[in-house]
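Visitor: What follows is each chain in one-letter form.
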Amino acid sequence: MPLEDSLGLNLLAANQHQAEHNRAHFDAWNLLCLNVMSSPGAGKTAMLERSLADLASRWQMAVLEGDMTTQLDAERLEAVGVPVVPITTGRACHLDAAMVSGGLTLLRQRLDPADLDLLWVENVGNLVCPAEFEVGEHRKVALLSVTEGDDKPLKYPVMFREADCVLITKVDLLPYLPVEVERIEAHIHQVNPRAEVFQLSAISGVGFAAWHDWLQRQRDTTASAIAVSHPVRSDQASAAALVGA
Amino acid sequence: MHEVDMTKCLLLSLQEWKLQHAPRIPVVKVVHLQVGDFTCVEPDALRFTYAAAVQTTWLAGSELRIEPIPLQARCVVCQATYTPNPQQAYQSPCCNHPMEEILSGRELKIRSIDYVFPEAADPAQVASGGEASQRLSASHRQQAEAIAPEPCPVA
Ligand SMILES: Nc1nc2c(ncn2[C@@H]2O[C@H](COP(=O)(O)OP(=O)(O)OP(=O)(O)O)[C@@H](O)[C@H]2O)c(=O)[nH]1
Ligand SMILES: [Mg+2]
Ligand SMILES: [Zn+2]
Ligand SMILES: [Zn+2]
Ligand SMILES: [Zn+2]
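Sequence order for the protein chains is A and B. Take the first sequence: its position 197, counting from 1, is numbered 197 in this note's numbering, and each next residue is one higher. Take the second sequence: its position 51, counting from 1, is numbered 51 in this note's numbering, and each next residue is one higher.
Worth flagging that the hints you see were computed from the coordinates, not collected in a lab. Among the hints, a few may not be true.
Unchecked claim - Straight-line C-alpha distance at most 30 Å; calculated DSSO-like pairs for lysine-lysine:
hint, chain 1, residue 1, chain 2, residue 2
1, B, K18, B, K8
2, A, K155, B, K29
3, A, K155, B, K18
Claimed, not checked - A few chain A residues that don't get close to chain B, going by computed Cβ distances all over 12 Å:
hint, residue
4, A13
5, N30
6, V100
7, V128
8, E196
9, S204
10, W211
Where is the CB? At the ideal position from N, CA and C, for every residue including glycine.
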């Protein structure tokens, strides 16, 4: 007599549980975690280089770097003076929550995450699946460079739908390209009317002030949300609470 | 081929489900999934990678059945339900409004699992198969260890 379990379980439940575990640590450490996603070469590392340099006086930050084919990205970012932990992804086309958990273990050998305000996760360059694998982030940031054309949000809608914020990068190249940035922005809003969209150039620095204002607002809202849900935030207490979780 | 990673994660999720029955080990016949059209998953590729991945595991012999779930949205202007079309930039045909409220199509769900316990399947086997079932549970334990979740970073 066959039994049937009616589950309604997430297919990715195992990843989800690990992601929630990670997020519980982030909350206990009172840091804001950002998952940065895009196609290869859209400008994640270039954006990070500039944002890290500009924000270093405001916040303590660290980066979990998912570009595993080379150590190059990690080296570029270390040059800015922010701790960078390369995450081993094997040949995976995205980061998952367990890989980020492994990165946190390495990070803790170098610093106390409770001292951080912001933790950046640079995902593997890929427009498709990173959007489906949560790593415990508080916000998803998707990048789209103007050189990719204006149809990408419609062709790869899931990532743009899931993003809290979309950065249109390399706008310094617009004079040389047959694309209209307004069309790119309109297509993003077709699949995600609520997305905050900023136009950036990592070369000229255009747009970074507005993007950093958005970060500040996220930092403020998450910090107050954390303060409400965790009135006591001793690292030991939270670690104890997480044992067996 | 991110379906390979999807499959790995599905197997971990099924492993979590199996452990809820411990020490008993369910024999899984069919895993019923619901996969939305507005996800990154190709049902055919997923079925293929699943069949290959379970061959040497406790799920060997089980079948994956996938119910595709169409993308449906609600126009927030007039409340009409519609099927967004990428050719029309996903907007509502009634009011040309962007895709705001998704009703279905984001599912990546294990809807249900058909399974039996070996005892129920064949009581005679259990009576005579003590040694075999012990071997079985030892190999399950190894497997559970092999795919155990990442240790807690502050443990
Ligand atoms: N003109 C221009 N080029 C840029 C800009 N941002 C990045 N680039 C260039 O685009 C290329 C890729 O940039 P990266 O920052 O490495 O892109 P990425 O998204 O980190 O790439 P992966 O990690 O490999 O996926 C580099 O040659 C950058 O110099 C920009 O704002 N303007
Ligand atoms: Mg990079
Ligand atoms: Zn992937
Ligand atoms: Zn309408
Ligand atoms: Zn933990």
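Visitor: Could you work out which of the previously given hints the structure breaks and list their numbers from low to high?
Guide: 2, 3, 4, 6 and 7
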